[in-house]
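Protein chains: 4
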Amino acid sequence: YGKNTIKFLRLHREGKQHFVKEVEVCAHLRLTSPQEYLEGNNSLVIPTDTIKNIVLVLAKKNGIQSLEQFAIDICNHFMTTFCQVAYVKTYVQEVPWQRLHEDGVPHIHSFICVPDGIRFCEAEQCRNGPLIVFAGIKDLKLMKTTQSGFEGFYKNEHTTLPERHDRILCGELFCKWSYGECKDFDFNCIWKKIRECILEAFAGPPDCGEYSPSYQKTVNCIQMLVLSRVSQVQVIEVVLNNTFYNIVDMKNLGLTNDKEVLVPVEAPYGSCACTLGRKKFFEA
Amino acid sequence: YGKNTIKFLRLHREGKQHFVKEVEVCAHLRLTSPQEYLEGNNSLVIPTDTIKNIVLVLAKKNGIQSLEQFAIDICNHFMTTFCQVAYVKTYVQEVPWQRLHEDGVPHIHSFICVPDGIRFCEAEQCRNGPLIVFAGIKDLKLMKTTQSGFEGFYKNEHTTLPERHDRILCGELFCKWSYGECKDFDFNCIWKKIRECILEAFAGPPDCGEYSPSYQKTVNCIQMLVLSRVSQVQVIEVVLNNTFYNIVDMKNLGLTNDKEVLVPVEAPYGSCACTLGRKKFFEA
Amino acid sequence: YGKNTIKFLRLHREGKQHFVKEVEVCAHLRLTSPQEYLEGNNSLVIPTDTIKNIVLVLAKKNGIQSLEQFAIDICNHFMTTFCQVAYVKTYVQEVPWQRLHEDGVPHIHSFICVPDGIRFCEAEQCRNGPLIVFAGIKDLKLMKTTQSGFEGFYKNEHTTLPERHDRILCGELFCKWSYGECKDFDFNCIWKKIRECILEAFAGPPDCGEYSPSYQKTVNCIQMLVLSRVSQVQVIEVVLNNTFYNIVDMKNLGLTNDKEVLVPVEAPYGSCACTLGRKKFFEA
Amino acid sequence: YGKNTIKFLRLHREGKQHFVKEVEVCAHLRLTSPQEYLEGNNSLVIPTDTIKNIVLVLAKKNGIQSLEQFAIDICNHFMTTFCQVAYVKTYVQEVPWQRLHEDGVPHIHSFICVPDGIRFCEAEQCRNGPLIVFAGIKDLKLMKTTQSGFEGFYKNEHTTLPERHDRILCGELFCKWSYGECKDFDFNCIWKKIRECILEAFAGPPDCGEYSPSYQKTVNCIQMLVLSRVSQVQVIEVVLNNTFYNIVDMKNLGLTNDKEVLVPVEAPYGSCACTLGRKKFFEA
Chain Z
85 YGKNTIKFLR LHREGKQHFV KEVEVCAHLR LTSPQEYLEG NNSLVIPTDT
135 IKNIVLVLAK KNGIQSLEQF AIDICNHFMT TFCQVAYVKT YVQEVPWQRL
185 HEDGVPHIHS FICVPDGIRF CEAEQCRNGP LIVFAGIKDL KLMKTTQSGF
235 EGFYKNEHTT LPERHDRILC GELFCKWSYG ECKDFDFNCI WKKIRECILE
285 AFAGPPDCGE YSPSYQKTVN CIQMLVLSRV SQVQVIEVVL NNTFYNIVDM
335 KNLGLTNDKE VLVPVEAPYG SCACTLGRKK FFEA
Chain H
85 YGKNTIKFLR LHREGKQHFV KEVEVCAHLR LTSPQEYLEG NNSLVIPTDT
135 IKNIVLVLAK KNGIQSLEQF AIDICNHFMT TFCQVAYVKT YVQEVPWQRL
185 HEDGVPHIHS FICVPDGIRF CEAEQCRNGP LIVFAGIKDL KLMKTTQSGF
235 EGFYKNEHTT LPERHDRILC GELFCKWSYG ECKDFDFNCI WKKIRECILE
285 AFAGPPDCGE YSPSYQKTVN CIQMLVLSRV SQVQVIEVVL NNTFYNIVDM
335 KNLGLTNDKE VLVPVEAPYG SCACTLGRKK FFEA
Chain E
85 YGKNTIKFLR LHREGKQHFV KEVEVCAHLR LTSPQEYLEG NNSLVIPTDT
135 IKNIVLVLAK KNGIQSLEQF AIDICNHFMT TFCQVAYVKT YVQEVPWQRL
185 HEDGVPHIHS FICVPDGIRF CEAEQCRNGP LIVFAGIKDL KLMKTTQSGF
235 EGFYKNEHTT LPERHDRILC GELFCKWSYG ECKDFDFNCI WKKIRECILE
285 AFAGPPDCGE YSPSYQKTVN CIQMLVLSRV SQVQVIEVVL NNTFYNIVDM
335 KNLGLTNDKE VLVPVEAPYG SCACTLGRKK FFEA
Chain C
85 YGKNTIKFLR LHREGKQHFV KEVEVCAHLR LTSPQEYLEG NNSLVIPTDT
135 IKNIVLVLAK KNGIQSLEQF AIDICNHFMT TFCQVAYVKT YVQEVPWQRL
185 HEDGVPHIHS FICVPDGIRF CEAEQCRNGP LIVFAGIKDL KLMKTTQSGF
235 EGFYKNEHTT LPERHDRILC GELFCKWSYG ECKDFDFNCI WKKIRECILE
285 AFAGPPDCGE YSPSYQKTVN CIQMLVLSRV SQVQVIEVVL NNTFYNIVDM
335 KNLGLTNDKE VLVPVEAPYG SCACTLGRKK FFEA
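Residue numbers (my numbering), protein chains in the order written: chain Z, 85 to 368; chain H, 85 to 368; chain E, 85 to 368; chain C, 85 to 368.
The shape of chain Z in the complex, shown without the other chains (with noise of 0.2 Å):
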């Protein structure tokens, strides 16, 4: 059990300086007891609206340094102060505000919500078990109009997709990975260089791009890149769900579509998922 979309701001201040995190929080538990569940005995119980003064109270005290951190915090206090709880878990999500600039000139408390690419983080610990932390990026849509396909698949009676060569990539990324023994890692500036992994495998370079020859081999590239360049990351998920861009037959109009006009395909979508570790890997 536990409280969800615990949402508050962090407002911090240097001089007259401001600095904002605002944040949604989800933090659960479970106990060394069901007693609550079978006998409707809350004795051990901790009211959900304790947890969220908890997360409250240490984003007062303790103040944001980032997302992962407030999570290892939170995991922290509810192992170390409550001896009925077995197991903690905690989710921390961004509010993605930007700091305003005007003619490239930042401004000291304004802001603007721009919301490509959702940063979160996961903690959680067993009691006597070790503190995992996971972070990530969500709802990151991205796009390439040329320098992918999809060739060579398998076909039967029930085939009537045609190969193509020159396609459209769309789709909304989902990725999650998680760190190894966490020692004074800088999770914000490996989250940054992650992101930017990301976006550098699904687009190529600049200047001519890369050929993707389906949505699975760009989840490879993507999860390559990032093991290749980012030593603390120990295992990485990415889920991809894509949206198909149809080319308008305009033959019966009287015109020749050429790649001009395409429509979205919302539903249904694909999605391929894969988890990538150091060793081992496992694809769903």
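Derived by calculation from the structure, the hints in this document are not laboratory data.
Note that the coordinates shown come from a computational prediction; the quantities given were computed from them, not determined experimentally.
Be careful, since some hints might not be right.
As the list makes no split between identical chains, a pair holds if one copy fits it or if it spans any two.
30 Å max Cα-Cα, derived DSSO-like pairs, lysine-lysine [claimed, not checked]:
(1) K239 with K267
(2) K343 with K260
(3) K222 with K105
(4) K267 with K277
Go by the hints and put chains H, E and C onto chain Z.
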């Protein structure tokens, strides 16, 4: 990888009377080799477009006797037809069309959408493994305006919640259960019976209700009643996301509010989940 | 300016039986002077927080006999209490809680949310002007699987739609009507009667239905039936957003699909709207 | 009647460089005769499927120089081609694809979706009437963490809001303006300029900001700045839906919260709207 939200309507006619089943299907596969991820070799890949075609063809050929039977049909088709498939998982969700009635008379071909709890099911199979079937109900919103409290909970310096013995209990239920060995079950009949159990366990007797000492206990009551009444259910998971109703303090406005005007607190919201089987249990 | 989505639950008890009315209220005002916009002078501004308090106090004092009466109460309060208010508009929408039944027996304090068409109303008044009351139903999804076609329409070189005399008609209805001089209307009773008219005009007789040559004609039938049966309605607006169901072409898959498997096309969707009064009409 | 959410992507190539414009179009018509409503006579009705085809054909033939020019093209086509059209209205909204950059280098064919304010426009025309063009921005979320207050407002027995001279101002902006006689405007350039005006008027100078005594005054400042800087704008409407941030009271938790931890109150939310023209004004 797979195809999500394959939406279609299956229309069945008996004389002048029409029957509709509109569903949303997700079908996911894992192949025996990851060569399309690693090498960009698509030769074993069944395109998601083909997956969609197969789902539609099965709907045409078999009809939809029950969501569960249709999900089983899909799994069987993929396992039987494609030796490169290592694992298949299917999710089927229903659009809640109900036959329209005029003055109590059922209409032969008109329907109304009534989303008071959405029926869904899942079927999954590994090659050489058993076919596992789940069914469930989601988005079921229930409320009781008394016979609910929360007292005797753990307190410390972060506790601000007062004890209550007469509060509103309101939440959205998600229930999912697994069947054991699937013989010739009447899935439609069992589903209706379980829905009735859920409502009965939540509300208690119509003339007096039954006191709930916590969300957790209500979750457990639902599970216990289903397991005791429906022998085909092996394991049942229940998640209850609750909306808290705050009694508006009207003292500053010169009024006494005797639980007459309450304001829903939609974020943050509490959540409790429990999975209960016939011999073991697990809470999260 | 004003306050939107003021959500609250009004609980009413008669002995052991409970009655709930959960609503969402928006209340907007225009003041006699725009000085707060032009000069930043707030001296006449009634804070939106005060607007919220007033709505809650009226709910406590008057209860909610009907959405319409509650909307009227709010308008009257603002016009009577604040001479700086030039115009007031109130919107009230209901959360569709229905009493739970167990084996046909109504439960005294348990409810289920059944969103099969949402009831709403509006009331507005200019100072020295009449109080105007609207009521309506929205998000009402209906379908008929035959007795619908679309033929004889205008054709030119951009026409690709074939004529059809047996298609599925499916859409989401929005209906809004105005009352004339509001005497002692039984708003709850009238609303139910109009809902029945809408269903009857959409579906036709239960044993055979009634042929619809277009969405437009169905909209008109609904309006004509309401105006003929419910004398209190002065003007009625109907918007029908329709979902087209495409018959899946299975020729390439070796099958003949006799309108058995259809795929909903959710975007783009057609829309038709018409406003009809007792003596004049206007289409848009 | 008409067709809503006609979604498509227009791809334009210059050598190896690609340009994308993905839009969502709604096109609505009113005919000179209502015979299809009253008599079910469809002979003048242009099917919504044909409307969709026309929009796609115009996109193919003309491309999309600007949303406004495309909306104008659609209106012109319907007025010129169909004498039975009495009125046409077009709405065009953009999917906010931005060219991807790697280390500052623009990519030739890769794009990222950045929804920080959505661009839209409308064009409408009655037969024998002028063509009227509107443009706008919506879903633009802005925040300033100081230089905002609300004092000196009207008080009575229902007032519980304290006066504040240092609060967070946060809201979602909707701005829509009309152009006068449309000559050869550079719609893209004007739109960017207006967006900058909005940000500047909201935030004030980057090094100190500017005090806002109310949401209403901020709305007015935005309008005044746009009207003074952009001569092509005739009338500008601004709606500001604000999210209130509540300072968490931590006294019971033994802490002093100096505006460091705040909780957003998403419902109910305040709203203020104002429409300002060059010589007249109107507030709602």
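Cross-check of the supplied hints:
1. K239 with K267: neither (50 Å within a copy, 34 Å between copies)
2. K343 with K260: Cα proximity of K343 and K260: none, with 34 Å in one copy and 33 Å across.
3. K222 with K105: Both: 18 Å inside a chain and 24 Å across chains, each within 30 Å.
4. K267 with K277: For K267 and K277, the Cα distance is within 30 Å only inside one copy (18 Å; across copies 48 Å).
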